[in-house]
Structure formats: C-alpha cells, structure tokens
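Undergrad: Protein sequence lines correspond, in order, to chains A and B.
For the first sequence, position 252 (counting from the first letter as 1) is numbered 252 according to the numbering used here, and the numbering increases by one without interruption.
Going from the second sequence to the numbering used here is simple: count from 1 and add 1000.
Everything labelled a hint here was simulated from the structure, so no lab data went into it.
Given the structure is predicted, the values throughout are model-derived calculations rather than measurements.
Glycine residues also receive a C-beta, built at the ideal position from the N, C-alpha and C atoms.
Incorrect hints may have been included.
Sample of chain B residues facing chain A (criterion: CB under 8 Å; computed from the structure) [to be verified]:
1) C1042
2) F1122
3) P1129
4) G1139
The calculated SDA-like cross-link candidates involving lysine to any residue, where the alpha carbons are at most 25 Å apart (straight line), are [stated by the list, open to error]:
5) B:K1124 - A:P243
6) A:K306 - B:E1219
7) B:K1124 - B:L1029
To list a few chain B residues with every Cβ distance to chain A over 10 Å, as calculated [claimed, not checked]:
8) V1150
9) R1160
10) D1210
11) I1256
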Amino acid sequence: MSAPDVQKMRELIARRKRWDLIFSLVGLLCMLVGVLTLLVLCADMARDGIGRLNGDFFTSFPSRRASEAGILSAWVGTSLVMLVTAAAAIPLGIMAGIYLEEYAPSNWITQLIEINVTNLAGVPSIIYGLLALGLFVYQLGLGESILTAGLTLALLILPVVIVATREAIRAIPREIREGVYALGATHWQAVKDHILPYSLGGILTGVIIGLARAIGETAPVITIGALTFIAFLPPPPVTSEFPYLSFDWLFSPFTVMPIQMFNWVSRPQAAFLENAGAAGMVLLLMTLAMNALAIWVRYRFRKRIKW
Amino acid sequence: MNEPLTKLYHRSLRISEPEETAPAPEQTLGILKAEARNLSFCYGDFKALKGIHLPVPQHWVTALIGPSGCGKSTFIRSFNRMHDLYAGSRYEGEIRFYPDDVNLLDKDVDPIQARMRIGMVFQKPNPFPKSVLDNVAYGLRVRGETNRRVLAEKVEQALRSAALWDEVKDRLEDMAFNLSGGQQQRLCIARALVTDPELLLFDEPTSALDPMATANIEELIQQLKKRVTILIVTHNMQQAARISDYSAFMYLGELIEFAGTKAMFTNPSDPRTENYLTGRFG
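Using the sequences plus the hints, can you model the full thing?
TA: Here's what the structure looks like:
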C-alpha cells in the first residue's frame, strides 16, 4: 500500500472513531443522571434523619411528640411480616418452580401457566392488596393481621421465586443431568440429590431479591388495613405456660416501616420529617443488607459449583 | 488400494497382532450380550436410525465408527433409553438384552431398569459437583445402599478397577472438579462400574482429553472387557483399531458393515467403509 493511502485510511478511522467518543460521553451523562439523583436523594434523607438515629429511636413506639417517637412497632412488624412471607413464598415458589421445570408435561396448558407466571411479576402491587383484602381478610377471616400481610406479600413475590427457581434449574448442564439418570436414578432422586442442591444458590438469590422487594411495599399493606399508628407489640411467640409456643402474633394488628415513614412524612411538623428521614435510612439499609446477602450467597455457591 | 500401501496404512494405524483375536462374525460371535434388531429411531420427523441390526458380543469391545452425524451416539443412547428424557423421540424395532432376552425398548420395561443394568460414560467428563467419594457412591445410594462400610469398600474397588485409586485415595473428600480432565473421566468410569453393570456404553470418551489421558482410558477399556461387555462410539478410527474387537461402520443412520475389527480394517467389504477408512470422507 502506498503512503497517501495510509494517510487517507487514518483520517477515515479518526472520523469513524469520533462517534465512539460522542456515544461514550452521552452514555456517561445518562448514567450520571440516574446515579447522581439517587445519591442526592439518599444524602438528603440522611441529612434530615441522621440526628434521630440512636438507640432510643429503635426502642420507642411512635409518639405525638416527634422527639420521643421511634420505630419499634414498625421494625418488629416488618420483621414478622417478612418471616411469614418467607415461610410461605419459599416452599410454594420452589416447589412450583421444580414442578414446572421438571415434571410438568409440555403442552399448551403448561405454556399458558408459564406465560401467566411471568406476567404476574408485573401486576401492580395494589392489585394484590385488593385481592388479599377480598380473599384473606373477608373470605377467610384472617383479619387485618400480620398473617394476612405476610401471605399477601408472599403472593406478590411468588412469581419472582418461581422464575428464579426455574432459571437456576435450567442452568444445570445437560451432561450432569444425563449422568444422574444414566446411573438409574428416579426423577425424584435426581431432584433431591442433584437438581435442588445445585440450583440452591440461584434460588436463594431470587428469594432474597424478592424479599427485598416485599420489604418496601406499601400499597398492598395499606390496602389490607395495616395501622398507621400503633403503640404496642404483637404477643410474643414464646410463652411461660404450656405449650410455650404461641401463634397469636400472627393475628395481631401491625404496622411496617414504609407505612410508619409515610405517616411521618404526611405530618406538617418539620420534626416528623426528620423521623421519616431516619426511618427511610433504616429501611434502605435493610434493603441493601438483603441485596448484599444475595450477592454473598451467589458468590459462595459459584465458588463451590462451577459448570 | 494395492497391497504394500494397505500394509503401510495398517502399520500407521498400529494394528498389532493381539494375543487373542476376536473370531470373525461370520464364524461365531460366541455369546451375545445384546442385539439391535431392525432398530429405527426418530426425533420428531427426523429419522436418525434406519433399521439397524447389530449384535453386541459378550466380553468383547465393539466399536461404532462413522462420520459425525451418522447416528452412532443416537444408537448407543437407545440402549439405556437416554432418549426417553426428551419429548418427541420414538423407537421402532427391538434391542434384545441377554441372558434374559428382554426387549429394552418394550413399553413394559422401565427406562430405569435398563439404566440399572447398563452403565454409560459420556463424551465430556461429567462428575457431579460433589466429593470424589460421593460421586462414585451415588450409583449405590440410588439403589438404597446406606451402609458406610459397604459403600467405602465398593467405592475403593471401583476406583481400583478404574485405575484411579492410587491417585485419589488421600483425597476422597475433595471436590471432583479439582481432578484433572483425565482423572475426571476415570472417575466417571468408576462411577459407572461401582454398580457392576453388564454392559458399559462409552460415547466418545476421549474426545475431550489429551493424548496421555486418552492412552490411559484406552488401556483401561482393554482391562475392563474381561468383566463387562463394552460398546464404544469413537470418531477416531485409530482408536477403534487399537481397542476394539468388533467394529461397526455407520453412515447416514444406517449400519453399513459389521465385522471383526481386524477384518474390517484390512478388508472392508463395502466401498463406503473403505472410502471412510482411507480418509476420502468423514
């Protein structure tokens, strides 16, 4: 190739590469809009609330006086509701996922169910609230209780758990599966000894992500009638009398973190806004902690099982 | 091919005079372990196997050779009913399994029953993400064996038969993934051997291995044929020549030729076999 050609080619390359630069700048800008907005929001909330974050804040009930109010009933309520949600959603979701992936015959009914499960993940959460109000509160008479809230949120995250389960199962290589069956294992033996253990990392990650979504849900919990002001705790699960275990707490009225926050935000006094900021920080930390846990679980399982 | 060329060719394939040569199938096959009779197989509309007749003589190594896509893997996967794991597969014909003369493809035969009598080693080593011990013991656990002493004993036997015991005896609790590729494949052989299968299927067992590991596996197969009948798929003609007693050449879903390995490699009766063996296609 002669010299002028090289010169020309360099110019052409430089001209074409301009678009790389332009796009990377635009992309950077778009990313910053998202990240910076989020950071500013968090910083603003932290500035409002940081002064209120102390031991008393966690051990006090809400109060008419902003400086004495705390989130005791809210965090206890959130924890208990999450417990019920996990207890309901994990077994239901995993078993449904295993059934769909491993046992269901492949016909149009299965396909219809599959499409519906995926779409359920996109249904607005307030619709779940309405459903739960009709079904759990009125039909089954479970009341405006922790149990109702837990089951409602469980329904909400069920599609997430099912989809995560199926994806984790699908990630198991075909050769491993065939290896199991070639040894004469039955379907159930394959599921119990191989498919479930190998997909547990992915399943747990999905479960935790689902719970992290449920923890911040407000609409469905308000719909089923959670209280906005509550100054007592549910009855303790352990009692001093026989049979020592009590499930009365399941039927207790309750509030959760986002509702407590919403309550404070809607007050006119500035002092309550500080409380809302502090509660927001706690809620955010809870969510971040769950996501961190999900990452850790995934990392742990990846290290053990590499395909 | 003229005479001296043929001789050179066979020397290049390293066909040596084995101490015991398999009798030519025209004379006698001895006892049969299994026999495909008019076996056809379809995936959906695609007919992958077309009316195959193939005897599998007991205690010999039978190799299936042929170009990619000729149906050799599909064929051996019919023996342990692997196709039943996937929808849309259909068998026709029979695979008789001896000595009890049962048709493995019969509707009344549970695929699990076939898989409990027939072991399989796959193309890529596929150890479970478990310990070495748990990998080998799994076949026994599936059958309900829980006695730790019995498990340990049989695992050791299987690992010895697979020529792996000395390398792994101090790391039985290690994850199987930490073994080398060749060791993993021998682990898979031990895993298949532990339940004393009557027939062992090998589906291109060395295609993912280096030459040293391949040589180990080939030697192992030679030793194993004393106790178990072997049916092996290989796309490597030299390998078939080295390790098998009988060879079957498949092409486009049909069985073209079945003969004693030596006879087939020295004097193929079908021109397609000859073309393939001399490297004109495949």
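Undergrad: Are the hints correct? Go through all of them and say.
TA: Against the structure, the hints:
no. : hint              : verdict
1   : C1042             : 18 Å, violated
2   : F1122             : 6 Å, holds
3   : P1129             : 4 Å, holds
4   : G1139             : 4 Å, holds
5   : B:K1124 - A:P243  : 57 Å, violated
6   : A:K306 - B:E1219  : 30 Å, violated
7   : B:K1124 - B:L1029 : 32 Å, violated
8   : V1150             : 17 Å, holds
9   : R1160             : 19 Å, holds
10  : D1210             : 19 Å, holds
11  : I1256             : 28 Å, holds
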